Structure formats: C-alpha cells, structure tokens
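*Asks:* Letter by letter, the chains look like this.
Protein chains: 2
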Amino acid sequence: MRRIVFVLVAIAAVPGLIAFNVGGIAHAAQEAAPVFVKKIPPGYRDWKVVSVAHEAGDLNDIRAVLGNDIAIKAYREGKLPFPEGAIVGRIAWSYVASEENNKTFGREQSFVAGSPTDAYLQFMVKDSKKYAATGGWGYSSFGKDSQPTDEAAMKSCFPCHQAVKDRDFIFTRYAP
Amino acid sequence: MRRIVFVLVAIAAVPGLIAFNVGGIAHAAQEAAPVFVKKIPPGYRDWKVVSVAHEAGDLNDIRAVLGNDIAIKAYREGKLPFPEGAIVGRIAWSYVASEENNKTFGREQSFVAGSPTDAYLQFMVKDSKKYAATGGWGYSSFGKDSQPTDEAAMKSCFPCHQAVKDRDFIFTRYAP
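Protein chains in written order, with this note's numbering: chain X, 10 to 185; chain U, 10 to 185.
So here's chain X without its partners, still in its complex pose:
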C-alpha cells in the first residue's frame, strides 16, 4: 500500500510523467522527464536586447531576443554556462513590408514588425536542478493569446538546442 501511494504522488508532481518505474527508481524517472515553464516571466518587455533576427520560410517573423539582467550580464562578460536565474526570451512579430517606409525611401526595401505571431513569446529559464532533464534550461512558448503552447509541441525544443550545447544551449549571440 505504501508503494502505490508513492507512485501517485510522483505523477501529481510531474504532469506527463510516464510511471514506468512503478516500485522502482522513481527519482530517476522524475529527472528524465522535461519540465516546461507555463508562466510568462514578468517584466520581459522591459528587458535589454541581446540581438535581433529574421526567420523566413514558414515562420516568416522578425524577432527581438532579450535577456533579464542576469542573462545580459553573463552575455556581456562572455560567461558560460549562464548562471542560475538567467532568462533569455524572444518576441516574434509577423514580418511585414512597410509601404509607408518604402514610399519614403523610393524603393521596396523596408520590413517591419507586424502583429504577434502564433509563437509570439518563448523563454529559456536557467535552473539547473529543476530543469536537469533539459540541460538546466526550462523551455516555454506562448501564443498570441499569451497561453502556453501544448506540451507535445514543446518536446522538440531541447533536442534542437543540443546543436549548441557548447554555448550552453543558447543559439543567439550578443550583438555589439
């Protein structure tokens, strides 16, 4: 009876956990399950700029990558890995040709930020213990309605970011 109660507690603590370790090493199973961030970090829109980018193709967005003070300090000092509490975020807006600007320039050259995209906000939150299963970063994504993206879609975050493991899983470089 004691054993059954323990398993139920583990499931409640880690939503989505597959309890394949019934009666076994439940602690290890807990670490291996990714934990996603479900809350937008407060004040992110006031954060400092890391860099900017344009993703063409299906995404077709223009984006600002921002960092909280801990992240910006680490970026500027070239410090890796990022310290606990660092958060790197990005805001993505639709990539829109600016008729107004083009008219003024006299040519088709200007692309600006339009409305929020379907993957409006994304954040990586550094907490080595809590997010041990995903390289010490908790991943999050929010739509234009500020609601979290469903967990199934979030499972591709970490595998993709492993391409830059040597930069502590962060793609974006600091722009001077």
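Simulated from the structure, these hints should not be mistaken for laboratory data. Given the structure is predicted, the values throughout are model-derived calculations rather than measurements. Among the hints, erroneous ones may be present.
Identical copies go unnamed one by one, so any copy, or any two together, can satisfy a pair.
List of simulated lysine-lysine pairs, BS3-like, C-alpha gap at most 30 Å [claimed, not checked]:
id, residue 1, residue 2
1, Lys112, Lys88
2, Lys164, Lys153
3, Lys153, Lys88
4, Lys82, Lys174
5, Lys57, Lys153
6, Lys57, Lys88
7, Lys112, Lys174
8, Lys139, Lys82
Please arrange chain U on chain X, whose structure you already have, making use of the hints.
*Replies:* This is chain U only, laid out in the frame that chain X set:
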C-alpha cells in the same frame, strides 16, 4: 563694430550657418539652421525595445529601435508629440544568413545580426527649442567607429522624416 562682432558669434555657435542676415534678423537665421547631435547618448544599449526592422537593398541591415525611458513611456501611452528629453535610437547590424541556424532548422531561413554597419547608430533627441529648425528633434548618426557622420550627409534626415510629421516625425511604431 558691435554689429560685426554679433554676426561672428552667431557663426561660431551654429557651424555651417550661412550668414545671409548680416546686419538683419540673425536670430531667425539661427533657428533655420539645423543643429546636429554629435554625442552618443550614454547607456543607449540598455534601453528598451520599440521595435525591430530589416532594411534590404543598399542598407542590407537588421536593426533594433530603442527608446530612453521618456520615449518608451510616451510610446506606450500613445502620447504625441513626444515630450522634451525623449530619445529614439536605432542600432543597425549587417544582415547575415546564419549557417548554424539553417543547419539546425534543415533549411535556409535564418538571418541574424552581424557586425555594426557603416551607419551603426542613429538617434533623434527631442528638444523643441534647440532643434526648432528640424521639427524639435536633433538628428545624429555614428559610424562603426562611433564617430559622427559628416554634416552634409545629415541634411537628408529631416526632409525624409517630414513624411511622418503627423506622428511627430518618428517612423517606427511600437511593437506589442
């Protein structure tokens, strides 16, 4: 003799002033001559994001438009004209395809900020009296060496920004 001294003072105070009002309304001439900003506003790299953009063509840059606290507050409140002391700036980096990102995405889609461009930094500083000749905004531009652009090139700033006089001469809209 008093009259000649006065004209010389006016010339010294406003470089580039054509002293067509010798012996006449020197004050009016002073107001009509644009005054350009020659100093990079301290701390601009810490300012909050107004928006982002990509200028294709000859410029071929990707840019962040930032504002000091006065400018950001006015933007967020939708307040026009911008109050005294507002500064809107933009940083322009070369527009570079990211091989690293493309490799991870599996397609050619990612463009990031490279090195500073020849027109690296530009600012508009609101001071209705000092910059009365150019709509209340002082214009500035700095190259990748952080040196001010020569004044001849600066003369195109205000005529171009007059296209958006109804938005207090500021092209960039606040991105949500």
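*Asks:* Taking the numbered hints from earlier one at a time, note which ones the structure violates and give those numbers from smallest to largest.
*Replies:* Of the numbered hints given earlier, the structure breaks none, since each of them holds.
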